[in-house]
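Student: Quick note, the sequences are listed as chains A and B, same order.
Just so you know, we're using this note's numbering here: the first sequence kicks off at 4 and counts up by one.
Just so you know, we're using this note's numbering here: the second sequence kicks off at 445 and counts up by one.
Because the hints were derived from the structure by calculation, they are not lab data.
Hints may be right or wrong, so weigh each one.
Think about it this way: if two alpha-carbon atoms lie no more than 16 Å apart in a straight line, the pair counts; the simulated EDC-like pairs of lysine to aspartate or glutamate are [unchecked claim]:
id, chain 1, residue 1, chain 2, residue 2
1, A, 73, A, 47
2, A, 41, A, 58
3, A, 19, A, 89
4, A, 6, B, 466
5, B, 497, B, 516
6, A, 41, B, 546
7, B, 447, B, 466
8, B, 447, A, 47
9, B, 497, B, 482
Computed from a prediction, not measured in an experiment: that's the story for all the values here.
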Amino acid sequence: AQKVTQAQTEISVVEKEDVTLDCVYETRDTTYYLFWYKQPPSGELVFLIRRNSFDEQNEISGRYSWNFQKSTSSFNFTITASQVVDSAVYFCALSEARNYGQNFVFGPGTRLSVLP
Amino acid sequence: DVKVTQSSRYLVKRTGEKVFLECVQDMDHENMFWYRQDPGLGLRLIYFSYDVKMKEKGDIPEGYSVSREKKERFSLILESASTNQTSMYLCASRPLVEGRNEQFFGPGTRLTVL
């Protein structure tokens, strides 16, 4: 069965600090996809990144970076030089490739508060 | 950009009322989903549809039904609303393209049942 764990329920940092959000997943499939979503106070989930299981390259997008390590089943998300606008709930999600990956499993989310 | 819209941001209904939540996407996506989000429980899948008139139960379908008469529209129906259905409801869509299965979400409907 699929499972996503985000052990950090809430994190508070001061603006300009770096912060890493942890995500650990479980799946028996060899082909799967991992995602990060951001949910700001407005409520809409915003898609940030997709990574498939065959691509372990880390990715950087501006202040955001993602570290995918199959050996530890982790897909961690780092925000560099955090800003108040980064305050949100962040969800990690897993989708197995069968059935075109229709079934998503979301982690419980990590609430990030960036204080000015 | 993908656009998923939901008919209401906030809705207040009374116990026993029939409630319709509408979701429309403008990107010709095959798959559409309804989730509810509750504190401490995360996102839970209610129903999804992989094509017009096709639907599958998710993890918590009890008390809900859905309708997909047109590709762009996916409706969630609460036949007789109850207070335990007070929640945030999120609609999502995604294309049926292998390797590109991220879901795109609407803004959500916060439903309160009194």
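Student: Each of the hints needs a verdict: does it hold here or not?
Tutor: Each hint tested on the structure:
1. Between residue 73 of chain A and residue 47 of chain A, the direct Cα distance comes to roughly 29 Å. Violation of the 16 Å bound is thereby established for this hinted pair.
2. Between residue 41 of chain A and residue 58 of chain A, the direct Cα distance comes to roughly 22 Å. Violation of the 16 Å bound is thereby established for this hinted pair.
3. Straight-line distance between C-alpha atoms of residue 19 of chain A and residue 89 of chain A comes to about 11 Å, which keeps the hinted pair within the 16 Å bound.
4. Of the supplied pair hints, the one linking residue 6 of chain A and residue 466 of chain B is violated, its CA atoms being roughly 30 Å apart against a limit of 16 Å.
5. Using a Cα cut-off of 16 Å, the hinted pair residue 497 of chain B and residue 516 of chain B holds, with the two alpha carbons roughly 12 Å apart.
6. Distance check on the hinted pair: residue 41 of chain A and residue 546 of chain B sit about 13 Å apart at the alpha-carbon level, within 16 Å; holds.
7. A hinted pair counts as satisfied when its Cα atoms are at most 16 Å apart, and residue 447 of chain B with residue 466 of chain B qualifies at roughly 14 Å.
8. With a C-alpha separation of about 12 Å, the suggested pair residue 447 of chain B and residue 47 of chain A falls inside the 16 Å cut-off, and the hint holds.
9. In summary, the hint linking residue 497 of chain B to residue 482 of chain B is not supported, as the alpha carbons are separated by about 28 Å, beyond the 16 Å threshold.
Taken one by one, the earlier hints fail for this structure at numbers 1, 2, 4, 9, listed in ascending order.
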